[in-house]
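Given the coordinates of chain A, work out where chain B with the ligands should sit on it, guided by the hints.
There are 2 protein chains.
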Amino acid sequence: MKKIPHRLYLTEEQMPKQWYNLRADMRELPDPMLNPATFQPVSEEELYPIFCKQLAHQEMDCTTRYIDIPEEIQDFYKMYRPSPLIRAFNLEKALGTPAKIYYKFEGNNTSGSHKLNSAIAQAYYAKEQGLTSLTTETGAGQWGTALAEACSYYNLPLTVYMVKCSYEQKPFRKAIIETFDGHIVASPSNTTNTGRAILEKDPNTTGSLGCAISEAVEKAVTTEGCRYVLGSVLNQVLLHQSIIGLESKTAMEMLDEYPDIVIGCAGGGSNLGGLIAPFMQDKLTGKASPRIIAVEPASCPSLTRGRYAYDFCDTGRVTPLARMYTLGCGFIPSANHAGGLRYHGMSPILSKLYHDGYMEAVSVEQTKVFEAATLFAKQETILPAPESSHAIRAAIDEALKCKETGEAKTILFGLTGTGYFDMNAYSSFLNGTMTDTIPTDEELEKAFGELPKIPGIQ
Amino acid sequence: MKKIPHRLYLTEEQMPKQWYNLRADMRELPDPMLNPATFQPVSEEELYPIFCKQLAHQEMDCTTRYIDIPEEIQDFYKMYRPSPLIRAFNLEKALGTPAKIYYKFEGNNTSGSHKLNSAIAQAYYAKEQGLTSLTTETGAGQWGTALAEACSYYNLPLTVYMVKCSYEQKPFRKAIIETFDGHIVASPSNTTNTGRAILEKDPNTTGSLGCAISEAVEKAVTTEGCRYVLGSVLNQVLLHQSIIGLESKTAMEMLDEYPDIVIGCAGGGSNLGGLIAPFMQDKLTGKASPRIIAVEPASCPSLTRGRYAYDFCDTGRVTPLARMYTLGCGFIPSANHAGGLRYHGMSPILSKLYHDGYMEAVSVEQTKVFEAATLFAKQETILPAPESSHAIRAAIDEALKCKETGEAKTILFGLTGTGYFDMNAYSSFLNGTMTDTIPTDEELEKAFGELPKIPGIQ
Ligand SMILES: Cc1ncc(COP(=O)(O)O)c(C=O)c1O
Ligand SMILES: Cc1ncc(COP(=O)(O)O)c(C=O)c1O
Chain A
1 MKKIPHRLYL TEEQMPKQWY NLRADMRELP DPMLNPATFQ PVSEEELYPI
51 FCKQLAHQEM DCTTRYIDIP EEIQDFYKMY RPSPLIRAFN LEKALGTPAK
101 IYYKFEGNNT SGSHKLNSAI AQAYYAKEQG LTSLTTETGA GQWGTALAEA
151 CSYYNLPLTV YMVKCSYEQK PFRKAIIETF DGHIVASPSN TTNTGRAILE
201 KDPNTTGSLG CAISEAVEKA VTTEGCRYVL GSVLNQVLLH QSIIGLESKT
251 AMEMLDEYPD IVIGCAGGGS NLGGLIAPFM QDKLTGKASP RIIAVEPASC
301 PSLTRGRYAY DFCDTGRVTP LARMYTLGCG FIPSANHAGG LRYHGMSPIL
351 SKLYHDGYME AVSVEQTKVF EAATLFAKQE TILPAPESSH AIRAAIDEAL
401 KCKETGEAKT ILFGLTGTGY FDMNAYSSFL NGTMTDTIPT DEELEKAFGE
451 LPKIPGIQ
Chain B
1 MKKIPHRLYL TEEQMPKQWY NLRADMRELP DPMLNPATFQ PVSEEELYPI
51 FCKQLAHQEM DCTTRYIDIP EEIQDFYKMY RPSPLIRAFN LEKALGTPAK
101 IYYKFEGNNT SGSHKLNSAI AQAYYAKEQG LTSLTTETGA GQWGTALAEA
151 CSYYNLPLTV YMVKCSYEQK PFRKAIIETF DGHIVASPSN TTNTGRAILE
201 KDPNTTGSLG CAISEAVEKA VTTEGCRYVL GSVLNQVLLH QSIIGLESKT
251 AMEMLDEYPD IVIGCAGGGS NLGGLIAPFM QDKLTGKASP RIIAVEPASC
301 PSLTRGRYAY DFCDTGRVTP LARMYTLGCG FIPSANHAGG LRYHGMSPIL
351 SKLYHDGYME AVSVEQTKVF EAATLFAKQE TILPAPESSH AIRAAIDEAL
401 KCKETGEAKT ILFGLTGTGY FDMNAYSSFL NGTMTDTIPT DEELEKAFGE
451 LPKIPGIQ
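Chains as they are written, first to last, in full-length UniProt numbering: chain A, 1 to 458; chain B, 1 to 458.
So here's chain A without its partners, still in its complex pose (with noise of 0.2 Å):
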């Protein structure tokens, strides 16, 4: 037996020089986006005026299985990849099971979060492209972080639309974004028509990721040389989310480990989408059948009760639509600390492979996941971000029923990122301020009859 270490890094010539794109295993490929104006499926062209080029073309290709990271990526990973597998001995200890647990801590960069994996690719390739700005909306902040430190590097102006409340929440945020340039707007602003109109209804509106998301697509289709970029749900975002299961899959194989469940919180997807890529072809092409869990917040559940069903991704109603778990472009989640799981769809390739029977998903309330927070915090000396706590939160759930049944099965789980800026929500927590909130089936129906009705679809 292979002694294991407290942590693996694979050396930099085991890194991943390629992505993974599931789409190319899947039985059955997400329903294609359909233009907003037409309800006819998007070209790739038809995209170009949002994204640049390379990534409407990522967005689109179903077929090639593994994508070359550019080099110019792969030597920006190494700056603060490989990342981590860690085996959590004292969490086990501390739980008393006899299940092996293991996570891949995506947590280790400034940004503080899996995000930057993506957000050096969008940057790479607008760059590449001679674009002169991009734009994006951030809620939690991760996201706008991430982008910034990317768009920093190649020193590429960058708005981001900052949900008004976070604004003016997270001062912190705001002060690390602009380190690293990020001109930060808050939003709804009167910087374009949707805000402007947002805000003539309702001036004092502490604005939604939605809102953000229309305002940031506005500003860059109205901008010359500028494009729109986003942090998740979208099929380009997984495949360089890949990278963090390639590394997952190469690290258990040097253990001689392979998962018996695969888990990760689940915002609009793309650190799942990431994390099981390769479990998920194993499983797609029958090699192994790990199960595959999906955690996402009992205040926003779009897997466990969300419609399958075309959607905008933004609130404004801009955007292509997307076929996915969705509860609604027009649920506002009640305020919940785990800021990035907020989202009320979820990744289009996911939402197809639950929808086919390929992976659970369990929803989770916030007060047991601090529970589960600050015990690993305790024990692994992590203090895990909100968002993660959802994953760690299922993956002691499933420790504790391998102690009852007595089964040493492994566990593989995504840590995605730390805690520092949510202290807010810790402290709630540990002085007992912190609430549940789930949405009533009435507020669920009543979203679901906002969703777009499709001639002949739905």
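Read the hints as simulated data drawn from the structure, not as lab findings. Note that the structure is predicted; figures quoted are calculated from it, not measured. Wrong hints could be hidden among the right ones.
Cross-link-like lysine-lysine pairs, in silico, DSBU-like; alpha carbons within 30 Å at most [unchecked claim]:
(1) Lys-401(A) with Lys-93(B)
(2) Lys-3(A) with Lys-409(B)
(3) Lys-93(A) with Lys-403(A)
(4) Lys-401(A) with Lys-78(B)
(5) Lys-409(A) with Lys-78(B)
(6) Lys-93(B) with Lys-17(A)
(7) Lys-93(A) with Lys-78(B)
(8) Lys-93(B) with Lys-409(B)
(9) Lys-3(A) with Lys-3(B)
(10) Lys-78(B) with Lys-17(A)
(11) Lys-409(B) with Lys-127(A)
(12) Lys-53(A) with Lys-17(A)
(13) Lys-409(B) with Lys-78(A)
(14) Lys-78(A) with Lys-127(B)
(15) Lys-401(B) with Lys-78(A)
(16) Lys-17(B) with Lys-3(A)
(17) Lys-17(B) with Lys-403(A)
(18) Lys-93(B) with Lys-78(A)
(19) Lys-127(B) with Lys-3(A)
(20) Lys-17(A) with Lys-3(B)
(21) Lys-368(B) with Lys-78(A)
(22) Lys-78(A) with Lys-78(B)
(23) Lys-287(A) with Lys-403(A)
(24) Lys-93(A) with Lys-17(B)
(25) Lys-3(A) with Lys-17(A)
(26) Lys-368(A) with Lys-78(B)
(27) Lys-127(A) with Lys-93(B)
(28) Lys-93(A) with Lys-127(B)
Same frame as chain A, but now just chain B with the ligands:
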């Protein structure tokens, strides 16, 4: 020639199993600590009421060259170590320097700094001795966080005296310490005689590090089963931090490299003392002659403008006296964002080495430090702590000298931590409100005037 990776991690097998005690190779030892009541050298036993026995022993042990790291501590180290040795390829390119810049990054753990290396050792020995609680002080908060992590790991109750202005300005630091079960008291407090006396004189005082030390020591010596622990300055802390230097040296050897210049920031001297330990050994034993540079803030210039004299380690004048470079224990540095570099004195070991010409020191101004910090962040995608950025500044200055002379020197510096909790400082730099404050000669003379008078010595 070896291919140089961006980040080099040792394997677990390569990790040091012993700390290195620099004093064993010093030609002349630091002068002994003095009992503040008798002005006689303190004995190991006299330290027992303050420090646990093993730590008191390490404090006094000037002869054992290598000291075994207990297995339990080695196991804890494996949760977050080895820390990477990173080649700053991008920074070099941005500077256009022929110099090769390496840095040892100690910020990849939740405490965000090197402080955890000594915190876990101190908590371990306390637990081993059967102690039932610990006290400490914290200014900026890194040490308090690290010690809380270590104590929660050993289920050892901890009281942290946190300088009142930090307590009020840094609610997030408070929250993270509480997440690890640390009990925080704003200092000065009415839990000690020292605190009550200070509050009586000035109820609105915002506190000082020196005062928090006095309170923590008083609390420890008046509580059954309780001891005091300190995160810097002491010989034992430098001993534990030698792991930084030992790992660095092994990693550089693997790359066939040896530093011409070793640079570290210096607050109380613990990271610097740890980083330079094996290189200073080479220098003391005539095997090599690297330049060694301590970097301190111009606002608190203990080495560059202080006196080499016996002084108290705290403001309340309750601790033993140490001969060190000091600005006087009554010196209060002006508000300076690098909270971890605001100590009036300097490690007696480093003071002696500096006094004897084995080490250089420079002082740098805060705005220049943040210029370096933001440049570094953009090139290396790590947001450095303000303290650590002092070392970055000096490393950049040395690299720029190489650019002028055309010399391809090898520079190694210590990147002690991350700046997530220091975004106020980054903001004030970005918006141009950051200022530099340098004490006048008169201010220093006044503080020197209050140095303790010791019959027959000073
Ligand atoms: C730390 C962290 N984890 C997870 C997520 C969820 O995003 P995704 O589902 O795209 O991985 C986010 C999103 O902001 C995040 O910041
Ligand atoms: C990140 C960091 N670097 C450096 C220091 C300075 O301490 P020392 O001189 O003991 O290494 C501190 C002290 O708090 C710190 O937090």
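Hint check:
no.: 1; hint: Lys-401(A) with Lys-93(B); result: violated (53 Å)
no.: 2; hint: Lys-3(A) with Lys-409(B); result: violated (39 Å)
no.: 3; hint: Lys-93(A) with Lys-403(A); result: holds (11 Å)
no.: 4; hint: Lys-401(A) with Lys-78(B); result: holds (28 Å)
no.: 5; hint: Lys-409(A) with Lys-78(B); result: holds (23 Å)
no.: 6; hint: Lys-93(B) with Lys-17(A); result: holds (24 Å)
no.: 7; hint: Lys-93(A) with Lys-78(B); result: holds (16 Å)
no.: 8; hint: Lys-93(B) with Lys-409(B); result: holds (15 Å)
no.: 9; hint: Lys-3(A) with Lys-3(B); result: holds (28 Å)
no.: 10; hint: Lys-78(B) with Lys-17(A); result: holds (28 Å)
no.: 11; hint: Lys-409(B) with Lys-127(A); result: violated (33 Å)
no.: 12; hint: Lys-53(A) with Lys-17(A); result: holds (21 Å)
no.: 13; hint: Lys-409(B) with Lys-78(A); result: holds (23 Å)
no.: 14; hint: Lys-78(A) with Lys-127(B); result: violated (40 Å)
no.: 15; hint: Lys-401(B) with Lys-78(A); result: holds (28 Å)
no.: 16; hint: Lys-17(B) with Lys-3(A); result: holds (18 Å)
no.: 17; hint: Lys-17(B) with Lys-403(A); result: violated (34 Å)
no.: 18; hint: Lys-93(B) with Lys-78(A); result: holds (16 Å)
no.: 19; hint: Lys-127(B) with Lys-3(A); result: holds (28 Å)
no.: 20; hint: Lys-17(A) with Lys-3(B); result: holds (18 Å)
no.: 21; hint: Lys-368(B) with Lys-78(A); result: holds (28 Å)
no.: 22; hint: Lys-78(A) with Lys-78(B); result: holds (22 Å)
no.: 23; hint: Lys-287(A) with Lys-403(A); result: holds (28 Å)
no.: 24; hint: Lys-93(A) with Lys-17(B); result: holds (24 Å)
no.: 25; hint: Lys-3(A) with Lys-17(A); result: holds (27 Å)
no.: 26; hint: Lys-368(A) with Lys-78(B); result: holds (28 Å)
no.: 27; hint: Lys-127(A) with Lys-93(B); result: holds (19 Å)
no.: 28; hint: Lys-93(A) with Lys-127(B); result: holds (19 Å)
The structure fails hints 1, 2, 11, 14 and 17 (numbered hints given earlier, in ascending order).
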